[in-house]
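K.L.:
Residue numbers (numbering that gives the first Met the number 0), protein chains in the order written: chain L, 0 to 323; chain V, 0 to 323; chain A, 0 to 292; chain X, 0 to 292.
Just so you know, the hints here were simulated from the structure itself, not pulled from any lab data. Any given hint could be a false lead.
What the hints assert, rightly or not - Simulated DEER-style distance windows between Cβ atoms:
#, chain 1, residue 1, chain 2, residue 2, range
1, L, E311, V, I119, 48 to 54 Å
2, A, V268, V, D298, 31 to 37 Å
3, A, R264, L, Q283, 34 to 40 Å
Said to hold, decoys possible - Within a straight-line C-alpha distance of at most 16 Å, the following computed EDC-like cross-link-like pairs (lysine to aspartate or glutamate) qualify:
#, chain 1, residue 1, chain 2, residue 2
4, V, K98, X, D276
5, X, K150, X, D95
6, L, K98, L, D72
7, L, K181, X, D187
8, L, K98, A, D272
9, L, K63, L, E7
10, L, K63, L, E5
11, X, K98, X, D84
12, X, K46, X, D36
13, V, K98, X, D36
14, V, K181, A, D113
15, A, K85, V, E237
16, A, K85, V, E240
17, V, K98, V, E240
18, L, K98, A, D187
19, X, K85, L, E5
20, X, K85, L, E237
21, X, K85, L, E240
22, L, K38, L, E15
23, L, K181, L, E79
24, A, K278, A, D66
25, A, K85, V, D231
26, V, K63, V, E23
27, X, K35, X, D64
28, A, K148, A, D113
Unchecked claim - Far from chain V, by Cβ distances over 10 Å, these chain X residues were calculated:
#, residue
29, E38
30, T45
31, P79
32, L213
33, R228
34, F242
We treat Cβ as the ideally placed atom computed from N, Cα and C, and that holds for glycine.
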Amino acid sequence: MNVIVEREKGPLQELEARIAALRERETGDSSDLRDLEEKYRILLADLFGNLTPWERVNMARHPKRPFAGDYVDALDQFDELHGDRHLRDDRALVGGLAKLRGRRVVVLAQQKGRDTKENIRRNFGMVSPEGYRKAKRLMEFASRFGLPIVTFVDTSGADPGIASEEHAQSEAIASCLVALSKVGVPVVATIVGEGGSGGALAIALADRVIMAENAVYSVASPEGCAAILWGDAARAPEAAERLKLTSADLIGFGIVDRAIEEPLGGAHRDAPAFVARVLDAIDQELRVLEPRKSNELRDARYEKFRRIGAWENESRARLATALT
Amino acid sequence: MNVIVEREKGPLQELEARIAALRERETGDSSDLRDLEEKYRILLADLFGNLTPWERVNMARHPKRPFAGDYVDALDQFDELHGDRHLRDDRALVGGLAKLRGRRVVVLAQQKGRDTKENIRRNFGMVSPEGYRKAKRLMEFASRFGLPIVTFVDTSGADPGIASEEHAQSEAIASCLVALSKVGVPVVATIVGEGGSGGALAIALADRVIMAENAVYSVASPEGCAAILWGDAARAPEAAERLKLTSADLIGFGIVDRAIEEPLGGAHRDAPAFVARVLDAIDQELRVLEPRKSNELRDARYEKFRRIGAWENESRARLATALT
Amino acid sequence: MAIPDWLRRLRDRDVSAEDAALWTKCPSCGEMLYRKDLEANLSVCTKCNHHFRMSAYDRINTLVDGDFVEIGMEFLPGDPLGWVDKRSYPEKLEADRLKSNLTEAVVTGFATLDGFPVALGVMDFSFRGGTMGTVVGERITNLLEEARKRKLPCIVFTASGGARMEEGMLALMQMAKTTQAVERFMSDGNLFVTVLTDPTTGGVSASFAFQSDLIVGEARASIGFAGRRVIEQTLRQKLPDNFQTAEFLLEKGHIDMVVTRAELRATLVRLLDYAVDRKRVAPALKAVPEFAL
Amino acid sequence: MAIPDWLRRLRDRDVSAEDAALWTKCPSCGEMLYRKDLEANLSVCTKCNHHFRMSAYDRINTLVDGDFVEIGMEFLPGDPLGWVDKRSYPEKLEADRLKSNLTEAVVTGFATLDGFPVALGVMDFSFRGGTMGTVVGERITNLLEEARKRKLPCIVFTASGGARMEEGMLALMQMAKTTQAVERFMSDGNLFVTVLTDPTTGGVSASFAFQSDLIVGEARASIGFAGRRVIEQTLRQKLPDNFQTAEFLLEKGHIDMVVTRAELRATLVRLLDYAVDRKRVAPALKAVPEFAL
Ligand SMILES: [Zn+2]
Ligand SMILES: [Zn+2]
């Protein structure tokens, strides 16, 4: 049960229906319509104006939310490249060559399905080792030909199945991280929905990390975190609160560089415009990064993650005294 | 049925038994023993003194022949490294770190089994994609740490099974060839038994290619060639004749650099001494190669294979005239 | 020096007999196809979309903007092993020359695709089953070396039954030779694209075919290392119909894409456009004397 | 500045209570083992060869020739998220400090192994389940940077339940940080060896653990990305006993070798000997002020 989907039912749906009906009947502007629209805006603000972290988790998982594929579809051009060259083409991770605002890029996107059939094909957006190895291959291709890398992150986490363990999921994720550490081209990652754990980070070790306002990016899913710490996945809302997984939190920590504001009530309420805004933001970031030399990019990327930490610095001398 | 094994039965076996019995009875030298030994030498020369290519194919496949693993066992030290890091450890290709005459090397060896159980474990020495990917990984390790690469080739060919096709056997073999093209360290390959097709070449793109005198190295197995060309695998002896697969032939073509003479009747008649001679030869070749710089090695390796060809050079002008 | 016999015969032969066959039967759907229609449709069955094998020059004509400057024609097969079975190797070669109108199983040269200068190699199954002997190896290597000098992207269409038996180990060594040439070419940062057409197997499959930056499979092409029959005989079991098809390999992650012949040229142009700077490579062909851009 | 409370308590605590437990029961075979015998046998059950988890300092003692110069002790965990559940994060940290006698879940420093100078990192499961927070990430990164400066080989023993929840995304980012540090270290041509001990999972497994030149699995260690229970719950099926064991991973080709604890030191020395020039690295430790070779 998605708390946002539930909240969209009842009065809001009713009001939407009434507005739609009125619009159909009347051609010009009417005061009735304007009244209803005003009421609608107030209700929207009331329902969605101040979302809790758990509500944002649900927004990030909203079934109508623009998925990574919707961003890919909005690119000027896209030619999908398939496969890890060894074993399988993983449909949970779509990759290929594309043009973004006229510029040639390599795109990597974690893709969920909108229905059961598509979700089975896409493994619910959970990437297997073969998907990460495809990603790694395309990252190396991008670096080889000087193409910026643009990634769209939307996964509850890397696939946790038996086959993925047998095919060395750990090594696959690590090899993506290594590849992104090495590439001498700009890398811009956008968390568009769920950014779940190492499975998300694998394609998000980037020069710039953008987040949709209501996207979440977390060390573990709230359910997983609650299960691990408290043995009770039902306490996920509480975990969501503690984990500091919202775009605002992460900008505060310096982990995310920029959030893209969503329409009130979520990105799906005006998907095409929101998708275009995200692509514009990526375009802007790329413009800043493109003039930089390979080594500058690599060094800056190193420093960006190098400085992420939070500890109390004790002087060595004091420690030595205290511990002996 | 192995024609060499068959030939070893009968008079030769009888004579061997008689000599053994006599040796057990008598302590010193006796004229009887000397006579028998002389007779034995003559018989050996008679049976094995002038082998046809097909007989050499059978010698290369002799079940008692020293296998790649026997050469590995004779090294000063060996630490096996396993796996392709993705899917499987292929026991048909043994790889690891070793010391050869005191020097640190990376060893790669195609390993057949001596009995059915071992043959199943070793897949009859037919390497799967995972084996070639392990080899590639170790080649890169060798290059990274400046260790020479020593390979022992003994395979009827790369594994032709369904799983191998599904795991991209072609890509795996190609990636070994690429890796050997790139490595900046000496590479010495020794064909110790069967050198079967691309599956053998994958670990034999080397600075020096050594061959045991009775080993064979062929574009296809004689059976395979006969089946392809004449639809009749039974005509393998004829194919063996045509394919020019013996060490003498291949030295003539400049494809093999050096042959190591075998004891009369085959390497298995004095395996330890023969194995030691092969290792000495590898040691000698490495001594020559080791002082060379990485680029010199790579360039010389390029030229070595670059010049292998045989064609009639027609002048472009004459061709143009004739074809228009 | 005299013109060799086989060349004279190739030049003088009567081609009208070949043109007599105006109709071709589609091996897939059985439709009788008027040959001119078939050719106009890129040798793809107008009814069932079956992709007929294509001759190298026909293929080149469907791809290039205008001129194609062939190189490597001076490399012509010898008979290094003195091979004889039912016929001698030179006799087999001559028969294939007459049949295919080719001097060997690959044609190499320079051309432009939608303005992109490229080095182009196209193999042809009708010459010795597209097998790689020393001349195929030499022409491919030569193409890559010439492309490398000019910093041109290189596209090779593969179609091969593997290594050529009649040249023995000299044929096998072409795997090493071509792989090294590709490696040098790619290490310089040049784009290498292979298009795997029906069939691509054995020594070609396990060397330059699967060593490229981008691997395109032509629709329905059969692609693999071991031949289908070899596997069936070894395992004594029948393989599923789609085994080793381009579509199967796409699912197994071995190739980047499957493209129908109708889409092939446009796809290659788009791929070139992603990885190649048109302005940078444009002057490259000026260095080829025969090439008029 | 005053000594913090936790440090004072760590220093002043009564250790005699811990020593009271002279006997330990083997969880594998049930044998009662005299603790001193167990320690003398590298914490391996003398009856069934069960490998007990080892504390970081005990592990270091079994490996190094003599001195171990610890670095990175100045990095101590804060409470970036202000985490509270049953207890606050700082309370949890303090409890683990007292329990483990460690300041964090990894100990890093310099030592020699059979004369080979190395940078050595050892994780300890008894501190927050060996989870990687910002301090583990910082100490590992610091170790690799210091090793890189000195061109020393680096060996890291992993033991980790993954990323540390209580530090949220700051913990996850340590995967990126450590991976980058390893990448720089290895790109300079330095040897990186990881020894995966029980258990190695999650964020540690999917970053530096599987990124090394040589991956050694300690016998019977449990190693994987997703935890065994997570997989069982997701799939609602029980997994085979050997799933995710070092031995299982060896068969699946993920790790280079499985080594018993008794063989571990000798094996590491041999591996160093293959890839490291003893003479070249010998002077490196002279740059560490506290280190007396
Ligand atoms: Zn048809
Ligand atoms: Zn026990």
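K.L.:
All hints, please: hold or fail.
P.N.:
Evaluated hints:
1. L:E311 x V:I119: 48 to 54 Å: Once the Cβ atoms are compared, 59 Å apart, the range 48 to 54 Å for I119 of chain V and E311 of chain L is violated.
2. A:V268 x V:D298: 31 to 37 Å: holds, 36 Å
3. A:R264 x L:Q283: 34 to 40 Å: Because 35 Å falls inside the window, the suggested range holds.
4. V:K98 x X:D276: holds, 14 Å
5. X:K150 x X:D95: violated, 34 Å
6. L:K98 x L:D72: holds, 11 Å
7. L:K181 x X:D187: holds, 13 Å
8. L:K98 x A:D272: With a Cα-Cα distance of about 10 Å, the restraint between K98 of chain L and D272 of chain A holds, given a limit of 16 Å.
9. L:K63 x L:E7: holds, 12 Å
10. L:K63 x L:E5: Judged against 16 Å, a Cα distance of about 13 Å means the pair holds.
11. X:K98 x X:D84: Roughly 20 Å separates the two Cα atoms, so the pair is violated.
12. X:K46 x X:D36: Answer holds: K46 of chain X to D36 of chain X is near 11 Å, not above 16 Å.
13. V:K98 x X:D36: violated, 37 Å
14. V:K181 x A:D113: At roughly 34 Å apart (the allowed maximum being 16 Å), D113 of chain A and K181 of chain V break the hint.
15. A:K85 x V:E237: Holds, at roughly 12 Å.
16. A:K85 x V:E240: holds, 15 Å
17. V:K98 x V:E240: violated, 38 Å
18. L:K98 x A:D187: violated, 25 Å
19. X:K85 x L:E5: violated, 31 Å
20. X:K85 x L:E237: holds, 12 Å
21. X:K85 x L:E240: The hint holds at about 15 Å.
22. L:K38 x L:E15: Holds, at about 10 Å.
23. L:K181 x L:E79: Violated, at about 23 Å.
24. A:K278 x A:D66: violated, 20 Å
25. A:K85 x V:D231: holds, 14 Å
26. V:K63 x V:E23: violated, 24 Å
27. X:K35 x X:D64: violated, 21 Å
28. A:K148 x A:D113: Violated, because 22 Å separates the two Cα atoms, which is more than 16 Å.
29. E38: holds, 28 Å
30. T45: holds, 27 Å
31. P79: holds, 34 Å
32. L213: violated, 7 Å
33. R228: It holds; R228 of chain X is separated from chain V by about 25 Å at its closest Cβ, greater than 10 Å.
34. F242: At about 16 Å from chain V, F242 of chain X clears the 10 Å cut-off, so the statement holds.
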